[in-house]
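Model the full structure from these sequences, guided by the hints.
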Amino acid sequence: MARSVTQQRKAINTAVAWAVGLLIFFPILWTILTSFKTEAQAINDPPLFLFFDWTLENYAVVQERSDYMRFLWNSIIIAGGSTILGIIIAVPAAWSMAFVPSKRTKDILLWMLSTKMLPAVGVLYPIYLVFIRLGLLDTRIGLVVVLMLINLPIIIWMLYTYFKEIPGEILEAARMDGATLKEEILYVLTPMAVPGIASTLLLNIILAWNEAFWTLNLTAAKAAPLTAFIASYSSPEGLFYAKLSAASTMAIAPILILGWFSQKQLVRGLTFGAVK
Amino acid sequence: MGRITLDKVTKRFGTAEVIPPLDLTIEDGEFTVFVGPSGCGKSTLLRLIAGLEDVSSGQIRIDGEDATMTPPAKRGLAMVFQSYALYPHMSVRKNIAFPMKMAKMPQEEQDRRIASAAKALNLTDYLERRPGQLSGGQRQRVAIGRAIVREPSAFLFDEPLSNLDAALRVGMRLEISELHKRLQTTMVYVTHDQVEAMTMADKIVVLRAGYVEQVGSPLDLYHAPQNIFVAGFIGSPKMNFIEGAEAAKYNAHTIGVRPEHIAISDSEGPWSGVVGVSEHLGSDTFFHIHNTGLAETITVRADGEVGFRHGDRVHLSPRTDVIHRFDAEGLRINA
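Quick mapping for you: the protein sequence lines, in order, are chains E and B. For the first sequence, my numbering assigns the number 3 to the initial residue and increments by one for each residue that follows. For the second sequence, my numbering assigns the number 37 to the initial residue and increments by one for each residue that follows.
It is worth saying that the hints were derived from the structure and are not from the lab. Any given hint could turn out to be false.
Heads up, simulated BS3-like pairs for lysine-lysine below, C-alpha to C-alpha not over 27 Å straight-line [said to hold, decoys possible]: (1) B:K155 to B:K130; (2) B:K130 to B:K110; (3) E:K184 to B:K140; (4) B:K130 to B:K140; (5) B:K110 to E:K184; (6) E:K105 to E:K184; (7) B:K137 to E:K184; (8) E:K166 to B:K130; (9) E:K184 to B:K130; (10) B:K274 to B:K239; (11) B:K274 to B:K285; (12) B:K44 to B:K110; (13) B:K217 to B:K110; (14) E:K166 to E:K105.
In structure tokens, the structure reads:
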């Protein structure tokens with residue numbers, strides 16, 4: 003029997019959903035609003051919501067003081083590079099776990115996930131030393147590798163879940179049709195898993211884009227992405243909330259826009275396989 | 037060419053022995069059907085031949101050559117799966133072309149073969165569609181098309197008709213039989229449906245729990261089942277089995293009488309009983325007779341015109357010349 007939903011019930015549900023949505027979005031909204039205030043208005047008590055003198059001054063100052071495009075470019079290379087590299091490694095790994103599992107496959111998956119439970123700072127020292135030795139400090143390639151490694155468990159887990167949904171008979175058919183392992187993955191598995199791969203790609207770009215711990219600790223000037231750009235406005239010259247907010251808005255805008263346009267894909271990907 | 041020989045082939049999954057040592061030869065050009073109840077190992081056997089599963093021991097030879105360790109792609113066999121296993125992201129044309137593309141066949145030759153397969157299978161108008169836009173029967177034809185363009189030495193069919201509705205199944209059954217007559221290529225066909233086995237096969241292999249119960253032509257199996265299992269499995273409706281005193285009269289532990297070998301009348305016959313359910317097929321009527329004192333139910337196949345009602349007392353006369361006799365182990369006693 004279908005559950006009957008009264009008009010009143012519907013209205014309450016809608017209100018609650020909006021309230022939760024606004025609660026989650028509020029910090030971002032507040033950051034964006036603050037970026038249009040003057041420094042004085044930004045720390046006004048009581049806080050000003052919409053009625054203040056809107057100004058673009060902070061953006062002009064931030065633009066003048068730092069090279070936004072260089073940070074943006076680093077972010078794109080680091081987020082994009084680590085995600086693509088991760089997918090190239092994760093596809094064969096997830097294939098073998100999904101289609102030729104061994105007794106230990108579940109354990110390996112859980113072990114990989116467990117690495118995500120380790121506080122990142124726990125391995126900062128060894129990784130820092132390795133980076134010094136290899137001359138990778140403050141290089142984009144170094145960050146690409148590190149971010150790829152820390153996100154790899156998630157990429158493999160997601161792809162594994164999607165691959166599990168693909169009927170094994172289709173891959174067997176490809177094998178009967180004379181496809182080698184490489185051809186089977188390239189021509190049959192990957193195209194069928196495109197929706198899953200796409201959402202994995204998107205989610206990991208977002209994760210890598212927002213990653214701050216490693217990007218702040220392993221870069222100085224040359225390879226610094228947008229997270230470092232934001233951080234550079236946080237403390238040294240005291241707290242300039244409005245400029246910090248402007249820098250933050252500029253840093254999150256690209257990923258926010260990407261997320262907005264791909265939200266359908268993301269939701270579909272994340273709930274893929276949840277229902278038949 | 038496509039002569040397949042299995043030599044003491046076994047298959048174990050962990051400690052479970054699915055296929056005990058099994059010997060079997062499938063002759064070139066033969067239509068062989070593996071039939072048996074679910075879980076009897078018939079699909080596993082087919083997958084061993086295909087190379088999708090590795091044998092635990094024994095040898096598989098294809099045209100005399102040891103293929104035991106050969107990967108599926110190199111065995112020269114084509115397979116049609118129960119789920120059709122079409123590539124959902126490719127058009128019908130690309131699905132059919134896939135094995136040729138993998139074999140790096142020249143494009144003109146690919147096009148020629150696609151055109152001829154599409155014509156033979158009535159798919160010409162659907163070549164640019166995706167599998168999702170086709171009906172079940174059309175999908176099955178695409179799967180067959182994908183198999184025939186390779187010109188394999190043998191076709192393997194894994195319950196290919198079980199996802200189709202009844203009417204379509206009969207049509208596809210004929211199409212596959214015609215295909216076999218036309219191509220004269222070895223076909224190995226797995227089904228749990230004894231009607232498919234009887235109507236299509238040159239040779240039927242009846243399997244139970246991995247063991248081959250009997251190998252023979254459909255009529256061999258019908259006329260001379262080697263044991264009670266085969267006797268009960270082949271033929272529809274099922275053979276009637278009678279034990280006890282009546283069987284003893286024939287010097288047997290159990291006798292088997294097919295429903296079509298029993299005459300029914302309201303006045304005379306050595307056996308009698310009460311009519312239970314009648315199934316009217318038009319051409320025939322199946323009567324289920326109770327209270328005979330011989331078995332719980334005796335099924336009788338009578339002409340469609342014969343009309344007895346539920347509860348009528350009737351008399352039955354078995355044709356004594358075609359009674360099957362079995363010993364206490366269930367094995368056939370030959371005259």
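How the hints compare with the structure:
| no. | hint | result |
| --- | --- | --- |
| 1 | B:K155 to B:K130 | holds (16 Å) |
| 2 | B:K130 to B:K110 | holds (21 Å) |
| 3 | E:K184 to B:K140 | holds (15 Å) |
| 4 | B:K130 to B:K140 | holds (14 Å) |
| 5 | B:K110 to E:K184 | holds (16 Å) |
| 6 | E:K105 to E:K184 | holds (24 Å) |
| 7 | B:K137 to E:K184 | holds (14 Å) |
| 8 | E:K166 to B:K130 | holds (24 Å) |
| 9 | E:K184 to B:K130 | holds (18 Å) |
| 10 | B:K274 to B:K239 | holds (20 Å) |
| 11 | B:K274 to B:K285 | holds (22 Å) |
| 12 | B:K44 to B:K110 | holds (22 Å) |
| 13 | B:K217 to B:K110 | holds (25 Å) |
| 14 | E:K166 to E:K105 | holds (16 Å) |
Checked against the numbered hints above, the structure violates none of them.
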